[in-house]
Each structure stands twice: as structure tokens, then as C-alpha cells.
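Undergrad: Single-letter residue listing:
There are 2 protein chains.
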Amino acid sequence: MQGQAMGQESFQDLGSVLHCHGCGRENEQGLRIKSYWDGDEAIATWTPQPHHCGGTKEVLYGGIIASLIDCHSLNLAIAHAYRAEQRPIGSAPRIGYVTANLNISYLKPTPIDEPLELRARLTKLDGRKAWVNCTLSASGQVRATAEVLGIRVQWD
Amino acid sequence: MQGQAMGQESFQDLGSVLHCHGCGRENEQGLRIKSYWDGDEAIATWTPQPHHCGGTKEVLYGGIIASLIDCHSLNLAIAHAYRAEQRPIGSAPRIGYVTANLNISYLKPTPIDEPLELRARLTKLDGRKAWVNCTLSASGQVRATAEVLGIRVQWD
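Heads up: the protein sequence lines correspond to chains A and B, in order.
Anchor point for the first sequence: position 57 equals 56 in numbering that gives the first Met the number 0, and the numbering is continuous, going up by one each time.
Anchor point for the second sequence: position 131 equals 130 in numbering that gives the first Met the number 0, and the numbering is continuous, going up by one each time.
Among these hints, one or two may not hold up.
Identical chains share a label here; the pair holds if one copy fits it or two copies do between them.
Stated by the list, open to error - Below are the DSBU-like pairs computed for lysine-lysine, each with C-alpha atoms no more than 35 Å apart in a straight line: (1) 123 <-> 107; (2) 56 <-> 123; (3) 56 <-> 107; (4) 128 <-> 107; (5) 128 <-> 56.
No lab work stands behind these hints: they were computed from the structure.
Kindly generate the complete structure, drawing on both the sequences and the hints.
TA: Written out as C-alpha cells, the structure is:
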């Protein structure tokens with residue numbers, strides 16, 4: 000966790016998203032993904048539990064991978080928008096993004112028993128639309144890649 | 000639940016997938032989606048819980064939508080393969096599919112407080128590859144559409 004190790008607070012702990020099942024700090028039954036700046040990219044690490052398995056017990060479920068990618072990518076878009084406005088993440092008026100398209104290629108099985116690294120970068124902004132590329136890696140190997148299209152919304 | 004109402008056992012209860020977080024009957028902490036035949040299509044209904052919310056508490060999280068679509072689509076591919084071989088679902092040798100690509104368009108917000116309907120149909124088969132189209136609806140309106148590419152594998 001480079002971001003955490005450097006003493007950053009995660010986007011979610013700063014209030015980017017509060018209740019979301021994937022990453023809201025206030026969702027006790029959620030996955031609680033934490034995303035951090037690494038230059039212009041966002042990074043996150045997350046460790047699965049055994050019940051997050053897919054078709055076999057050794058591999059991570061594709062729906063969990065989709066969840067990690069969805070939240071991490073949209074949190075990057077949100078953080079980017081706050082940074083562009085030179086405002087702290089979570090400050091009013093709150094910036095939100097919703098997912099319009101999620102296109103994930105599962106390249107290799109993702110092991111369930113080790114920390115995973117997510118890395119996202121913004122590739123294009125056009126009005127309310129933000130395109131993000133995201134990768135999920137385990138043991139230094141990319142297991143899934145994704146293109147995510149988010150649409151900016153006002154939440155408050 | 001047309002399939003259940005007609006006395007069918009779900010693909011998952013017949014043993015299509017056992018441990019998966021999205022749909023395995025033996026995964027007590029999973030979503031336990033149940034898929035049924037409706038002619039050549041597969042249908043499922045599933046009702047969210049409040050902690051499955053996304054950016055706001057009123058809407059379903061996109062990662063859960065991805066999970067429902069992933070499992071329902073691959074279960075259709077599995078059931079189709081058993082039917083093509085005129086064998087009961089879950090019989091040996093067991094047939095599995097893994098997800099290679101998941102492309103989801105989120106068209107409208109999905110409410111969290113009502114049953115959702117999933118409907119999947121096979122659009123193409125080519126060797127080990129199966130392409131599935133899937134929709135998720137609430138209150139009779141399609142909220143998300145997806146194209147899913149699955150690859151057949153042998154699990155036992």
C-alpha cells in the first residue's frame with residue numbers, strides 16, 4: 000500500500016463515497032476498497048477472503064473483480080475532479096460519478112490467497128464523461144484489464 | 000420466479016456451480032443467485048439488501064449488478080452445454096465456464112428495494128467460446144444490458 004505507507008488518507012476515508020457496498024467507509028458489510036494517489040494514477044491493494052471465490056475455491060470471483068475495478072476507477076475520476084477544482088475530496092458541493100459502461104477482460108485466473116493491486120489512470124475527459132483504464136494484478140502479473148466510462152453527477 | 004414457480008430446480012441447486020460467491024449454493028456468504036430455464040433463455044429474480052447500495056442508498060451498486068450478470072450468463076452457458084449433451088446439469092464430467100469478457104452498459108439507476116429480473120440468452124457458440132446477452136430489469140424497465148464471453152473449462 001504505497002499510498003497508505005506515505006501517510007495519505009484514502010479517497011474513501013476523505014469522503015469521496017460514503018455508503019457504497021464496494022468502497023464506502025460507512026458500509027460495514029461492504030468490501031471497503033481504499034484508493035490512493037500515486038502521481039496521476041490511483042492505486043489500491045485489497046486482500047480477498049475465502050468466500051470471495053469463483054467457480055473453484057482457489058480463484059477470485061469475477062464479480063468481485065468487477066466490483067474492485069468499478070469502485071477504484073470511479074474513485075479516481077472523483078478524486079481527479081476535486082483536484083482539478085483545487086478542493087479537498089469530500090468537500091461541498093460533493094462530486095459523484097456513476098458508471099455508464101464497464102468493459103473487463105479477464106486475462107488469467109486471480110488467486111484468492113494474496114493481496115491484489117489495482118491501478119487506474121484517466122485516459123480522457125469530455126464534459127461530464129470520464130474514461131478510466133484499470134488493471135488488477137497479483138504477484139506482479141496483470142490478471143484483468145478494464146475500460147470504465149463514468150458520468151459526473153451531483154450527489155447533494 | 001417463473002422457473003421456480005413451474006417446479007424447476009435452479010441450475011445452481013442442480014450443481015452447475017457449487018462454491019461461487021455469486022451463485023454457489025454452498026457459499027453461505029454469497030449472493031446465491033438462482034437461474035432457471037424459460038424456453039431457450041435463462042431467467043432469475045434476485046432481491047437486494049440495503050447494504051448492496053451504490054453511491055446513494057436508494058440505488059443498487061454496479062459491482063453487484065456485474066456479479067448478477069456474470070453468474071446468470073455463465074450459468075446459462077453451462078446449462079446449455081449440458082442440454083446439448085443431453086445430460087443432467089451437474090453430472091460428471093462437470094462442465095464449467097469462466098468469464099473472458101464482461102461488457103456492461105448501465106442504462107438507468109437500479110432501485111434497491113424491489114425484486115430484479117435477469118434474462119440471458121446465448122447468441123453464439125464457437126468451440127469453447129460462448130457469447131451471452133443479458134439484461135437486468137426492475138419494474139419492467141431494463142436497467143443494464145451486457146455482453147458476456149465465457150470460455151468452457153473442465154472443473155473435475
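Undergrad: All hints, please: hold or fail.
TA: Cross-check of the supplied hints:
1. Taking CA atoms no more than 35 Å apart as the test, residue 123 paired with residue 107 passes in both settings, with 27 Å inside one copy and 23 Å between copies.
2. When the C-alpha separation of residue 56 and residue 123 is checked against a cutoff of 35 Å, the pair qualifies only between copies, where the shortest distance is 29 Å, while the shortest distance within a copy is 37 Å.
3. In this homomeric assembly, residue 56 and residue 107 come within 35 Å of each other (Cα to Cα) both inside a single copy, at 15 Å, and across copies, at 34 Å.
4. Taking the shortest alpha-carbon separations for residue 128 and residue 107, both the intra-copy value of 30 Å and the inter-copy value of 16 Å come in at or below 35 Å.
5. In this assembly of identical chains, residue 128 and residue 56 lie within 35 Å of each other by CA distance solely across copies; the values are 23 Å between and 38 Å within a copy.
In this structure, every one of the numbered hints holds.
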